[in-house]
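Could you put together the complete structure from these sequences and hints?
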Amino acid sequence: MAEGWIRHHAHQTGLEIEVHSAGTERTRVKSEALTVMAEVGIDLGTHTSKRLDEIDDPWTFDVVLTVCDDAHEACPVYPAATARRHVSFPDPSGAPLGAWRDVRDAIGAMSRAVVDGLGRGAVPPDDELTGAAAMRVRT
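Under my numbering, the residues of the sequence shown are numbered 1 to 139, in order.
Treat the hints with care, since some could be wrong.
As the list claims (entries may be wrong) - Derived lysine to any residue pairs resembling SDA-like cross-links, with alpha carbons at most 20 Å apart:
id, residue 1, residue 2
1, Lys50, Thr24
2, Lys50, Ser31
3, Lys30, Arg51
FYI, nobody ran anything at the bench for these hints, they're computed from the structure.
So, in structure tokens, the structure goes:
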């Protein structure tokens with residue numbers, strides 16, 4: 001969801017950036033994520049997460065953003081020039097769509113803060129991104 005949101009916000013603001021979704025293993029997008037992202041007009045139908053070693057020269061990334069604790073802990077050490085940010089989101093797997101929407105909206109707000117920061121030439125610190133992502137639970 002984060003890659004979809006970042007691409008969406010970057011496109012809206014005219015910011016040209018390269019975005020990759022990668023992790024320690026290749027995964028498919030869960031059907032619930034496809035559903036809730038489609039509700040806000042973002043199509044993840046062709047999206048897959050790649051393994052980090054499947055991306056050309058990941059060691060030159062300007063920013064590495066992790067959104068789950070497992071990925072954050074398993075993330076390799078990057079050069080000092082790479083801004084590394086982490087915001088933890090709950091995994092809504094097995095939960096009703098309302099929980100997926102909460103996570104979608106929180107990731108969307110955090111992604112907006114990332115893109116806004118990149119547009120100003122600086123990636124916001126973790127605490128700003130966490131604040132932007134403050135989750136509101138649906139009733």
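Structure-based check of each hint:
1. Lys50 - Thr24: holds, 8 Å
2. Lys50 - Ser31: Holds, at about 18 Å.
3. Lys30 - Arg51: holds, 17 Å
The structure meets every hint from the earlier list without exception.
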